[in-house]
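Trainee: Here the structure of chain E is known, so what remains is to put chain S in place on it, guided by the hints.
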Amino acid sequence: MIALQDRKLALWYIGVAYIAFLIGTLMGLLQVFIRNDKLQLPAWLDYYQILTAHGVLLALIYTTFFIFAFFVTGMSKSLGTFGPKVRLVSWIGFWVTLIGTVLATAMIVAGEASVLYTFYAPLKASGWYYVGLALFVVGTWISSFALIGHYRVWRKNNKGELSPLFAFMTITTIVLWLIACLGVVATVLFQYIPWAFGWTDTINVELSRSLFWYFGHPLVYFWLLPAYIAWYVIVPKILGVKVFSDSLARLAFVLFILFSIPVGFHHQLTEPGISNFWKFLQVVLTFMVIIPSLMTAFTMFANFEISGRKKGATGLFGWFKKLPWKDVRFTSIFIAMAFFIPGGAGGIINASFQLNEVVHNTLWIVGHFHITVGTPVAMTFMGLTFWLIPYLTGRKFTKSMQILAFVQIITWSIGMLLMSTAQHILGLLGAPRRTAFSNYNNHPSALEWFDGILTSHVTMAVGGSILFLSAMILIYIVVMSMFLSPKALKVEDQVEFPMAESDKSHTPKWLENWWIWIGIAFALIIIAYAIPLSSMIMHAPPGSEGFKTW
Amino acid sequence: MSKNNEHDGMDLRGTLASVMVVGVIIVVMWVVVYMMYMGR
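Residue numbers (the numbering used here), protein chains in the order written: chain E, 67 to 616; chain S, 116 to 155.
Next comes chain E alone, as it looks inside the complex:
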């Protein structure tokens, strides 16, 4: 068990994460009914307002707060209790992040920031919304520096040793986050805030979007890497095996730093202000990320097979039956991984220059989000929640909670399968994203979107409703595990933090030489971004005034 003060910090992070989850999923439920023309919002509530709240609260707030809860707990467990300075800085980081969250959310609720989670210019929110976003990022930086400080103390006390795998992976994720945020901080501080408060009249739209996507793509990996930590470090322990390869795991993680940042243009393939060469270069770099992704897939299957064969499995796939299906900590993460197969394949399609033309502004992209961050990441976090909260509160994860947890992950899977399949196919048919309900003057193509059995807005609404039911079951489990489940007084009732053993004896030391990896990362960023960004600044088109379309 980790120290009480560290547990308290982690629990506050989880508490905020699940408040955001509750509101964010409710906003999702409203959307599927509006798109199906089954719900009219009152005049004071706008579709784009709830769409913004849904994206920001789930994709930014829920994920980030949960990730820090996981990191705080894992770093305290793997490197030892936080010192007083680390603890103080961590709390400051928590409160600054929370103040930023509350300010940004208040602006959305007040109808001053219906700019969606990408906050694309020239849509203009209140300046305070961007101040909220900036505080949010600064808060996460403070928390990140606290964790880096804790890691440095450990390294100083253990000279020449490789850090535990959990700590290494946490620091990798934080390094990626710090480098990624430079883009969003630059655009928010130097473009959006002066423009939104009226200190400048216009904004360079292309530059703002490019800086956003410099941040926006590695943001995806900021969500994904903590899930991968669970896949690499937690799952083997549940399976009763060691980490398959410590060096492979570390190499995969540093490759994610290198190839998740200089690739933002693949989100801007349809934009005219960037020349084809730079788009092509960044698409090539994007495809490099397939290497660590397939290394991860290989490791996961190897863990399953080794564990199954240890239990007597024979034949090519006999190990599949020997997996611990009755353990919800495993089954939840296995389903998360399964969803990531089509999710990852969809990502390759999105990043392919021509194929992007087919899917770019369609519901396909929304479906893609939901089978990447919405299930592989979110369901991994759910699988962690089931044991992480009881571990932190010292309460039991009772039999009835375990059954409910199964109901929760099964309903989430069914709901997501229905909703995201409908979104993918509707997208291929041409149904647009980011739009409220419209029948496009009864155009035959648009009417088709409401007709199919699996491919309609009705299916989306049914899927969305099942997802909301699942979300509420999860909230019930969270509340029970935090406050109401019986205390685990006997040792056998206590919930463990499952952290697999990792053999570092064959791992080369250079894998933990940050100068190498941060150096290569910046070199690739400069190659991919220096010329196109400077061109956007030096040959800037006339800037745009702000628009408030809601």
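Pairs of lysine to aspartate or glutamate residues, derived as DMTMM-like cross-links and limited to a Cα-Cα distance of at most 20 Å, are as follows:
#	chain 1	residue 1	chain 2	residue 2
1	E	Lys303	E	Asp393
2	E	Lys308	S	Glu121
3	E	Lys308	S	Asp123
4	E	Lys377	S	Glu121
5	E	Lys376	S	Asp126
6	E	Lys462	E	Asp559
7	E	Lys143	E	Glu567
8	E	Lys465	E	Glu562
9	E	Lys143	E	Glu562
10	E	Lys392	E	Glu558
11	E	Lys308	S	Asp126
12	E	Lys377	S	Asp123
Hint data in this document are derived by calculation from the structure and do not stem from the laboratory.
Mentor: Leaving out everything else, chain S in the frame of chain E:
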């Protein structure tokens, strides 16, 4: 660094086959959307 590694002798045929299946899913999905692109 020792050349003997702990993975020698492990039966990972299922892993190889599974990763291949993932690869096939990626290729099939990609080709389907590519055909749609060409068809439009």
